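**Q** Spelled out from the first residue to the last, the chains are:
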Amino acid sequence: MSTLTVTPNYATGVVSNFDLFAGKLVDREEYFSCGHRACQGCGEALAIRLMCKALGKETVIANATGCMEVISTLYPTTAWKLPWIHVAFPNAAAVGSGVEAGLKVMRRKGRIPDRYVKTVAIGGDGGTVDIGLQALSGAMERGHDMLYVCFDNEAYMNTGIQRSSATPFGASTTTAPAGAASPGNRTWKKNVPEIMVAHNVPYVATACHSYPIDFMNKVKKARAVKGPAYIHCLAVCPTGWRAESKDCIKLGRLAVETGIFPLYEVENGKYRLTVEKPEKLRPVTDYMKMQGRFRHLGKEEIGYFQDRVNLEFAKLMNKVECIESWDELKG
Amino acid sequence: MTKPVGMEVAVAAAEAVALCNIDVAACYPITPNTHIAEHLADIIADGRIDAEYITVESEHSALSAVMGASGTGARTFTATSSQGLMYMHEILPITPAMRLPVVMGLGNRAVSGPINIWNDHSDIIMQRDSGWLSIFADNGQEAVDMFIQAFKIAEHPDVLLPINVNMDGFQLTHVVEPIVFPTQAQVNKFLPPYKPFASLHPDHPLSMGTLGLPEIYTEAVKARDVATVNAKKVIVQIWQEWEKQFGRKYEPVMTYKTAGAEILILTMGSMGETAEVAVDALRKKGVKVGLLKLKLWRPFPFDEIRKAVRGAKTLVVTDRALSYGGPGGPVCSEIRAALYDQPNRPEIVNYIIGLGGRDVRVEDFMKMIEGAPKAKKSGDAYQIYGVRE
Amino acid sequence: MKKWPETWKEYNTGGIVFEPGNARSFKTGPWRSLRPVWDNSKCIKCGVCYIFCPEGCVQEGPDGFFAADLDYCKGCGICAHECWPSAISMIEEGQES
Ligand code: SF4
Ligand code: SF4
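Protein chains in written order, with the numbering used here: chain F, 1 to 331; chain P, 1 to 389; chain C, 1 to 97.
Quick caveat, the hints were computed from the structure, so don't treat them as lab data. Quantities reported herein were computed from a predicted structural model and do not represent experimental measurements. No residue lacks a Cβ here, since even glycine has one placed at the ideal position from N, Cα and C. Hints are not guaranteed to be accurate.
[Claimed, not checked] Derived lysine-lysine pairs resembling DSSO-like cross-links, with alpha carbons at most 30 angstroms apart:
id, chain 1, residue 1, chain 2, residue 2
1, C, 42, F, 24
2, F, 109, P, 189
3, F, 220, F, 277
4, F, 270, F, 220
5, F, 246, C, 2
6, F, 24, F, 277
7, F, 299, F, 190
8, P, 189, F, 57
9, C, 45, F, 24
10, C, 45, P, 232
11, P, 195, C, 45
12, P, 249, P, 3
13, C, 27, F, 246
14, F, 226, F, 280
15, P, 307, F, 226
16, C, 9, P, 222
17, P, 195, P, 284
18, C, 42, F, 57
19, F, 24, C, 2
20, P, 222, C, 42
21, C, 9, F, 246
22, F, 226, F, 299
23, F, 221, C, 27
24, F, 315, F, 270
25, F, 57, C, 2
26, C, 45, P, 233
27, F, 109, P, 195
28, P, 307, P, 195
[To be verified] Selected chain F positions facing chain P (Cβ under 10 angstroms, derived; list incomplete):
id, residue
29, 28
30, 91
31, 119
32, 142
33, 181
34, 197
35, 264
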């Protein structure tokens, strides 16, 4: 499987002319079929579709309960063309651990064909960073040969836009609503990629469907790791974010260009931005003004948001510039 | 047939599981099942069987992981007790719904609170309606036999349901008993390799664990219920096969000295052996008493119970758990349901005994049997035996 | 394929769906109120509409131009919005292009 080397460009905001045609080079096979019941303009469904293309056929998927499970497998139909299992909400990483162990031992014992099949566990933000965090931590710590991809649409969308620990500061959700006495969600988004780095996972990355080639390259890289890998993919949810479906891709791009959701990877401990560092981050308001969930915010809250984004971005850049890889540290 | 060896029952249970040549185990430590998990880990670490052992971070993940592995067509095992089983609760009903033949060892232990690590049946009883098949061992030999039978039952094409083998915590799991082990060749003859009807592999992509809308959920429940009810036939048949090959008899309701009995006492689990001694003593005194031992908890053997109590005037049912504010002991409520529309049904007395490791001695069984008429007269649906008033 | 099994006996053991991608039998096209219309004279055949469609219903034709399968297109407008030379426009369902 070849890895495409094109990278999106911060400066132009969109893909450069060369990148424009990169999409034509991807696997044309659709492993996530038409007829799924995701909302119009669902970024998560798009991200799943792209992930499957990057993974290819030799893959088994373990899916947590959530939007993507509900919209894809209404008995007697399935949108999946890859082998797929769903058990419950908090346990995709644990089910994936079992799938990985099962495939390994069955291959060793000659009960299935003697070739490598990748196990991939997937979940939404709720199923990953909240209720599934323990199972994820266990699976990553045990070192299963498994990729976990979190599709983060920043709230419990499947149950009606309740706040999760991945919900950004200030977003109005149904359980952290904006009101006379509340700015909406009061906490800063939990940094789960960083928690995965702390598990000594050899490959951790952030991604977004708005940068499809970057995302797919990361999936391919993670797939090639013989061990645990984690990708945190921002997935725009027009329904929950109260945005227009046509703006799905644009919103993902703005999340990156404002520095709210930087795209980076951590390979054997080494941090690297996977898009060029912009001269200057765009103001967060460019991103916020397109979404109903932030509409209530006043100057003060937006000011706090901007300052915190600047700080978090600086923290990341500090890691990018200072931290050496494990190999370098070993000398 | 090999000679009996003295072995701790939990260790023997792990040996039995190893004889079944499992592929994947996932266990989380909890008293009193830990020795099964530890010894199985030893067996795998020593390379005596080729299997993956997943040291999960919780029981919730233990069951989830073996389900994932079972989905790939692997033969799988997990073991737990009490709070661990409670922690699995969310996942338990999904295993039979997905028709994954997982085998679980249970070292039965009281459920908190107050926290208590000793034996009763409140853990498995609370999971009664999860849809797992459920069998109870009286002693170490039965535990070993039942684990081997369990894989064959669960994986039978007409069953495809998970099963738990229940052993009383400490009172059974931690005692050393003489046990006869079948040889590997005998086990291989009895237990064929698992051939999954569906498995996760790119050669034949399929979707497991799909969503059931209101238009299909009822049909899904019906299909599963029929499989569960029909499992009894297969269980009885497999137990007969076992008897033929190994000479040890298993039935949904085992009887002891029931011929001509006017009064019957019923137990489930290891206390059956104590009750046998009490029956012997009372028979010597001329009391026409017999013992029923319930081996099959789910699917519940309604017909076998009706048949077993025929002719008795009084039936004393012992329960090791209580349904708070309910009809009494859970075993007894099933039995009352089984006998409700029967002519000439016996009078029923229900004792809740042996909670949280409280010892129940031979004298206690004798007292319960002899005190049955008085207990009946009290009009109470159940008595908590031995409670300090 | 039947929408629902007639009886419980037809419910697949464990609720397994054996036919990969048979969700295609469910047409999502009727959800749409706007429809994408391609003006191939402006199209540079870049494939951006293909890569970004959440339905995966935009595919390349033998002539190298792209088109949506209207049985599944939900009318989200992403393709039209992302098309670099604005070769796609969204029009009301029912209107002529
Ligand atoms: S995005 Fe526009 S220019 Fe590119 S292939 Fe599609 S229609 Fe043609
Ligand atoms: S409008 Fe949306 S669903 Fe329809 S083809 Fe364009 S991107 Fe796909």
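**Q** Next, verify each hint and record whether it holds.
**A** Now the hints, each set against the structure:
1. The straight-line distance between the Cα atoms of residue 42 of chain C and residue 24 of chain F is roughly 18 angstroms, inside the 30 angstroms bound, and the hint therefore holds.
2. Among the hinted pairs, residue 109 of chain F with residue 189 of chain P is consistent with the structure: their alpha-carbon atoms are about 19 angstroms apart, no more than 30 angstroms.
3. As the CA atoms of residue 220 of chain F and residue 277 of chain F are separated by approximately 23 angstroms, the hinted pair is consistent with the 30 angstroms bound.
4. Of the pairs offered as hints, the one joining residue 270 of chain F and residue 220 of chain F holds, with about 18 angstroms between alpha carbons and a cut-off of 30 angstroms not exceeded.
5. Restraint check: the Cα-Cα separation between residue 246 of chain F and residue 2 of chain C comes to about 34 angstroms, which exceeds 30 angstroms; the hinted pair is violated.
6. The straight-line distance between the Cα atoms of residue 24 of chain F and residue 277 of chain F is roughly 26 angstroms, inside the 30 angstroms bound, and the hint therefore holds.
7. A threshold of 30 angstroms between alpha carbons decides the hint, and for residue 299 of chain F with residue 190 of chain F the separation of about 24 angstroms falls inside it, so the pair holds.
8. The straight-line distance between the Cα atoms of residue 189 of chain P and residue 57 of chain F is roughly 38 angstroms, outside the 30 angstroms bound, and the hint therefore fails.
9. For the hint linking residue 45 of chain C to residue 24 of chain F, the alpha-carbon distance of about 9 angstroms falls within 30 angstroms, and the restraint holds.
10. For the hint linking residue 45 of chain C to residue 232 of chain P, the alpha-carbon distance of about 64 angstroms lies beyond 30 angstroms, and the restraint is violated.
11. As the CA atoms of residue 195 of chain P and residue 45 of chain C are separated by approximately 50 angstroms, the hinted pair breaks the 30 angstroms bound.
12. Restraint check: the Cα-Cα separation between residue 249 of chain P and residue 3 of chain P comes to about 18 angstroms, which is no more than 30 angstroms; the hinted pair holds.
13. A C-alpha spacing of about 21 angstroms is found between residue 27 of chain C and residue 246 of chain F, which places the hinted pair at or below 30 angstroms, so the restraint holds.
14. Between residue 226 of chain F and residue 280 of chain F the alpha-carbon distance is near 37 angstroms, which puts this suggested pair outside the 30 angstroms criterion.
15. At most 30 angstroms may separate the alpha-carbon atoms for a hinted pair to count; residue 307 of chain P and residue 226 of chain F exceed this at roughly 59 angstroms.
16. The hinted pair formed by residue 9 of chain C and residue 222 of chain P meets the criterion: a straight-line CA distance of about 9 angstroms does not exceed 30 angstroms.
17. A C-alpha spacing of about 52 angstroms is found between residue 195 of chain P and residue 284 of chain P, which places the hinted pair above 30 angstroms, so the restraint is violated.
18. Annotation: proposed proximity of residue 42 of chain C to residue 57 of chain F is violated, straight-line Cα distance about 35 angstroms (limit 30 angstroms).
19. Between the alpha carbons of residue 24 of chain F and residue 2 of chain C the distance comes to roughly 36 angstroms, so the proposed pair goes past 30 angstroms and is violated.
20. A C-alpha spacing of about 58 angstroms is found between residue 222 of chain P and residue 42 of chain C, which places the hinted pair above 30 angstroms, so the restraint is violated.
21. Straight-line distance between C-alpha atoms of residue 9 of chain C and residue 246 of chain F comes to about 44 angstroms, which puts the hinted pair past the 30 angstroms bound.
22. Distance hint between residue 226 of chain F and residue 299 of chain F is unfulfilled; the C-alpha atoms sit about 48 angstroms from each other, more than 30 angstroms.
23. A hinted pair counts as satisfied when its Cα atoms are at most 30 angstroms apart, and residue 221 of chain F with residue 27 of chain C does not qualify at roughly 35 angstroms.
24. With a C-alpha separation of about 14 angstroms, the suggested pair residue 315 of chain F and residue 270 of chain F falls inside the 30 angstroms cut-off, and the hint holds.
25. For a cut-off of 30 angstroms, the pair hint linking residue 57 of chain F to residue 2 of chain C stands: about 28 angstroms separates their Cα positions.
26. For a cut-off of 30 angstroms, the pair hint linking residue 45 of chain C to residue 233 of chain P is broken: about 65 angstroms separates their Cα positions.
27. Restraint check for residue 109 of chain F and residue 195 of chain P: satisfied, since their Cα atoms lie roughly 14 angstroms apart, inside the 30 angstroms limit.
28. Between the alpha carbons of residue 307 of chain P and residue 195 of chain P the distance comes to roughly 36 angstroms, so the proposed pair goes past 30 angstroms and is violated.
29. At its closest, the beta carbon of residue 28 of chain F sits 18 angstroms from a beta carbon of chain P; the interface hint therefore is violated under the 10 angstroms criterion.
30. Taken as an interface hint, residue 91 of chain F checks out: its beta carbon lies about 4 angstroms from the nearest beta carbon of chain P, inside 10 angstroms.
31. This hint holds: residue 119 of chain F has a C-beta 8 angstroms from the nearest C-beta of chain P, less than the 10 angstroms allowed.
32. Hint status for residue 142 of chain F relative to chain P: holds, with the closest Cβ pair at about 7 angstroms, below 10 angstroms.
33. A least Cβ separation of about 35 angstroms between residue 181 of chain F and chain P goes past the 10 angstroms threshold, and the interface hint is therefore violated.
34. For residue 197 of chain F, the interface hint is violated, the least distance from its beta-carbon to any beta-carbon of chain P being 19 angstroms, above 10 angstroms.
35. At about 28 angstroms, the closest approach between the beta carbon of residue 264 of chain F and any beta carbon in chain P exceeds 10 angstroms, and the interface hint on this residue is violated.
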